[in-house]
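Protein chains: 2
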Amino acid sequence: MQAHVEGDTVQVGHAGREQFYDARGYGHPVDGELHLSRVEAAHLLFRGDLDAVEGMGFREFFEAEGGLASRFLVYKDLRDRGFYLTPARDGWADDADGIDFVVYPRGKGPWDDAVEYRVRVVAERETVPAADLGDVVLAVVDEESELTYLETSVPEVSGTATDHTEHGIEAALLDDRVAVWEPPEWLYAQGFYGQPLDDDRTAIQLSLVEAAYLAEQGVLSFPGGREAVLELGRETEGDRFDRRLTVYTALRARGIVPKTGFKFGADFRTYADVSSVDDLGHSERLVRVLPDGHTFAPRDLSLDVRLAHGVRKEMVFALTDGTSHGSDVDPNGEVAWLSVQRLTP
Amino acid sequence: MQAHVEGDTVQVGHAGREQFYDARGYGHPVDGELHLSRVEAAHLLFRGDLDAVEGMGFREFFEAEGGLASRFLVYKDLRDRGFYLTPARDGWADDADGIDFVVYPRGKGPWDDAVEYRVRVVAERETVPAADLGDVVLAVVDEESELTYLETSVPEVSGTATDHTEHGIEAALLDDRVAVWEPPEWLYAQGFYGQPLDDDRTAIQLSLVEAAYLAEQGVLSFPGGREAVLELGRETEGDRFDRRLTVYTALRARGIVPKTGFKFGADFRTYADVSSVDDLGHSERLVRVLPDGHTFAPRDLSLDVRLAHGVRKEMVFALTDGTSHGSDVDPNGEVAWLSVQRLTP
Chain A
1 MQAHVEGDTV QVGHAGREQF YDARGYGHPV DGELHLSRVE AAHLLFRGDL DAVEGMGFRE
61 FFEAEGGLAS RFLVYKDLRD RGFYLTPARD GWADDADGID FVVYPRGKGP WDDAVEYRVR
121 VVAERETVPA ADLGDVVLAV VDEESELTYL ETSVPEVSGT ATDHTEHGIE AALLDDRVAV
181 WEPPEWLYAQ GFYGQPLDDD RTAIQLSLVE AAYLAEQGVL SFPGGREAVL ELGRETEGDR
241 FDRRLTVYTA LRARGIVPKT GFKFGADFRT YADVSSVDDL GHSERLVRVL PDGHTFAPRD
301 LSLDVRLAHG VRKEMVFALT DGTSHGSDVD PNGEVAWLSV QRLTP
Chain B
1 MQAHVEGDTV QVGHAGREQF YDARGYGHPV DGELHLSRVE AAHLLFRGDL DAVEGMGFRE
61 FFEAEGGLAS RFLVYKDLRD RGFYLTPARD GWADDADGID FVVYPRGKGP WDDAVEYRVR
121 VVAERETVPA ADLGDVVLAV VDEESELTYL ETSVPEVSGT ATDHTEHGIE AALLDDRVAV
181 WEPPEWLYAQ GFYGQPLDDD RTAIQLSLVE AAYLAEQGVL SFPGGREAVL ELGRETEGDR
241 FDRRLTVYTA LRARGIVPKT GFKFGADFRT YADVSSVDDL GHSERLVRVL PDGHTFAPRD
301 LSLDVRLAHG VRKEMVFALT DGTSHGSDVD PNGEVAWLSV QRLTP
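Keeping their order, the protein sequence lines are chains A and B.
Quick note on full-length UniProt numbering: the first sequence kicks off at 1 and runs consecutively.
Quick note on full-length UniProt numbering: the second sequence kicks off at 1 and runs consecutively.
Careful: at least some of the hints might be erroneous.
A pair holds if it fits inside one copy or across any two, identical chains being indistinguishable in the list.
DMTMM-like cross-link-like pairs, simulated, lysine to aspartate or glutamate; straight-line CA separation at most 25 Å [what the hints assert, rightly or not]:
| # | residue 1 | residue 2 |
| --- | --- | --- |
| 1 | Lys313 | Glu144 |
| 2 | Lys313 | Asp300 |
| 3 | Lys263 | Asp239 |
| 4 | Lys76 | Asp200 |
| 5 | Lys263 | Asp279 |
| 6 | Lys76 | Asp278 |
| 7 | Lys76 | Asp97 |
| 8 | Lys313 | Asp273 |
| 9 | Lys263 | Glu126 |
| 10 | Lys263 | Glu284 |
| 11 | Lys313 | Asp292 |
| 12 | Lys76 | Asp199 |
| 13 | Lys263 | Asp80 |
| 14 | Lys108 | Asp49 |
| 15 | Lys313 | Asp132 |
| 16 | Lys263 | Glu54 |
| 17 | Lys76 | Asp22 |
| 18 | Lys263 | Glu314 |
| 19 | Lys76 | Glu6 |
| 20 | Lys76 | Asp175 |
| 21 | Lys263 | Asp300 |
Because the hints were derived from the structure by calculation, they are not lab data.
Kindly generate the complete structure, drawing on both the sequences and the hints.
This is the structure in structure tokens:
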């Protein structure tokens, strides 16, 4: 079968509609004919189902049409996995903005209502604004044309940890950390704040972000006041400190205990259910704090998600401008949460 | 026992020398007395072995002396693990440059010749020049005062892969990758170059770095000549492309096959022993390519090393200025290799 090009569409007649759309879900039917995207046409050429487009075979068509490679590889892979999918063009699929393909559940097609994945294709060296993620599957095509699927969603961030209220516990700044020389027992044992200096838990060391949070809650009292901790934090970490403090505060407000994620290269690992540190489960999530408006490099995403997967945790990104903290933090509005997980379609 | 401060040294008399040096390896004996570093003095105060330094107990001494916290935590941890160690000061320990402590094998001390670890202490937010690494153990103190030990070494980079020589195979540029439509069988099957477009391996896709290497070897021939691939690579990746090509070339010259490390967030994963892709073992290493003069943030190091550990590979950094490639690459001089692994002392 031959096809011809009209603008950005490859068109075949009625027989093509029956053979490609009705039987196998390719393209978008218009007035009894079938409109195909270039990627679909390339796939039909590749399979030998279409003989030529404007006289060109697969190789010629593919070389002539720049910019097809990544999307073709993803299209082909999803077809090979048994899915029907439709290029996300206005009028061809609902809610087509920001994605490349609408993928139907196995056994379903464009004539059904169900959608399994909304897929956005990205080459390894392109970047992706975080704001575009949350309800799409990223299909990353790496430099050797291998595919990695990353499912993005907005996680439910809440836990059952309750906080204690005691005020004016004395604390001291020590270099870039904080010491509480005579801590109440609950501070570490129930609150899971800090780290004992020794097994008998006489003195507790706190990170600057823990200390700043507790200072803002009035729990800790510093010789220089709570401003002294904030200043030291900003001196040590710059703007990142305020963002981390905002996220720390939002997590605590939602009943989640954040601890350092350093060993996993993240900002925090989090525990949704802490009643006592002596009876602590595994942390469920790794949280990386990012500025509002962050743009991901796929390779960095791949690194974080792979690591989280390897340690059986969920990778969550927390995006914030970090301007509010302390009692000003609105846990529902200040931070945008984004979960990213590997997916095998 | 009381001690007094002289410059940057805390001094105790003859009884101190017997009790602390002879019996437990603290300090540096001078004329029958004992000189202690501030960290050692803090540890003796913490343990209650020393009553006071200039009248100060542990807490006062610790708060009065800025900059002790990280080194104290590492010193204490290594002591807790059963090691004797000496602060790396000129005259106190050999080869003291760039490190904080010389650690002796368990059961040995400063009066023996053996050294187990040369330790450099770094707080999570400090940076470490790559050039300072290769023969030291990094002890990273994270914000919650937990310790991560990273052993750095210079790896032996060599393998048994042999290369084929065939010239002038035609290839085409496709967006940011390369297609070889009629590849010889060895290209993928023995050379492990590229990735077949389909199971029957008729066409092979190559990454730009693979293609540029093969073009420089004369194996591939492009319509625009080898310069066309180099240009596209630089357009896509900037300076990074030349660095990656230099490292790719050096690895191939040493009998090692590099493939993309994208799924691990690295530049390459490498195979030291490839005779056929149908009989391929696991890749042994992850390689991250970095510019000469790179400075590590401990958290990035932690992320890479943790991930590599989780997938049972060795994390190797390849540092180069990337100015040479093709036949100009001297595999012994162009790239500095650095291996970093987690260590439990």
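Structure versus earlier hints - violations, ascending order: Hint 16 is the one this structure does not satisfy, whereas the remaining hints hold.
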